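> Sequence:
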Amino acid sequence: MKTLLAKFIDHIICFFTSFITGVRPQQLTENSVPTVYYANHHSHGDFILVWISLPQHLRLKTRPVAGADYWQKGAIRRFIANTVFNVLLVERNSDNPQLAIENMANRLSTGENLIIFPEGTRNLSEEVLQPFKSGIYHLAKQQANIQFVPVWIDNMKQVLPKGAILPIPLMCQVRFGEAISLQEGEEKADFIERTRQALLALSPTHKE
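Each step along the sequence shown adds one to the number in full-length UniProt numbering, with nothing skipped, and position 152 is 152.
Since the hints were made in silico from the structure, they are not lab data. Predicted model, so just to flag it, every value in this text is computed and none were measured. Mixed in with the good hints, there may be bad ones.
Label pairs and their in silico Cβ distance ranges [to be verified]: (1) S203 to L28: 30 to 38 Å; (2) I80 to Q56: 15 to 23 Å; (3) R77 to G185: 21 to 29 Å; (4) P97 to S18: 30 to 38 Å; (5) Q173 to N82: 47 to 55 Å; (6) E184 to T83: 24 to 32 Å.
The calculated lysine-lysine pairs, modelled on DSSO-like cross-linking and capped at a C-alpha distance of 30 Å, are [what the hints assert, rightly or not]: (7) K188 to K141; (8) K7 to K61; (9) K7 to K73; (10) K188 to K133; (11) K7 to K133.
Ideal Cβ placement from N, Cα and C applies to all residues, glycine included.
Using the sequences and the hints given, assemble the complete structure.
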């Protein structure tokens with residue numbers, strides 16, 4: 001029954017979001033490696049666009065990672081996070097940040113995929129992409145045999161700007177890049193910069 005309800009909610013959300021943004025599920029290469037989809041971050045609706053861009057069989061085993069401080073405020077947000085999207089909630093200002101990495105690694109070890117935003121918070125600046133936090137590296141070190149797939153989101157900042165309650169119908173695009181894995185002996189700064197550049201390369205405004 002729970003699976004049927006999840007599939008029903010999945011169809012409703014995909015239909016509504018596709019109608020608003022024009023984004024639809026994409027044909028992605030099938031593989032059995034646990035995957036972390038990492039994206040640029042402008043809006044609280046970003047993870048929805050990444051989620052609906054996945055084929056349904058991937059959506060149902062993919063969990064967005066988001067801050068508990070935001071998604072636990074109010075009954076509607078809690079319902080969306082816990083029931084609709086099965087969000088993995090983390091404490092962003094915890095005294096033990098390693099706990100969030102361990103929780104994510106544990107979910108990957110069970111075969112689930114994750115959606116994360118390595119900038120750490122929404123980019124409200126004029127910069128195309130903010131510097132990455134170190135969590136993406138520590139996650140790669142914590143859980144072996146995983147891959148990181150960059151995902152660039154266009155125009156969601158205008159669809160759901162800061163403070164907005166209802167989305168504004170505008171066309172968006174979601175672009176997936178090639179998978180990246182931590183290389184043996186690769187240093188933290190090098191891995192962080194490599195993953196950031198792979199994401200930045202998907203931006204339509206990026207110049208070599």
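> Hint by hint, note whether the structure agrees.
Against the structure, the hints come out as follows:
1. S203 to L28: 30 to 38 Å: The hint (30 to 38 Å, Cβ to Cβ) is violated, given that S203 and L28 are roughly 20 Å apart.
2. I80 to Q56: 15 to 23 Å: holds (19 Å)
3. R77 to G185: 21 to 29 Å: Since R77 and G185 have Cβ atoms about 42 Å apart, the given range 21 to 29 Å is violated.
4. P97 to S18: 30 to 38 Å: holds (36 Å)
5. Q173 to N82: 47 to 55 Å: Distance hint for Q173, N82 is violated at roughly 29 Å.
6. E184 to T83: 24 to 32 Å: About 41 Å separates the Cβ atoms of E184 and T83, which means 24 to 32 Å is violated.
7. K188 to K141: holds (9 Å)
8. K7 to K61: Satisfied, since the Cα-Cα distance of roughly 12 Å is no more than 30 Å.
9. K7 to K73: Holds, because 26 Å separates the two Cα atoms, which is no more than 30 Å.
10. K188 to K133: holds (11 Å)
11. K7 to K133: Between K7 and K133 the Cα gap is close to 34 Å, so the pair fails against 30 Å, i.e. violated.
In summary, the structure is inconsistent with hints 1, 3, 5, 6, 11 from the numbered list given earlier, while agreeing with the others.
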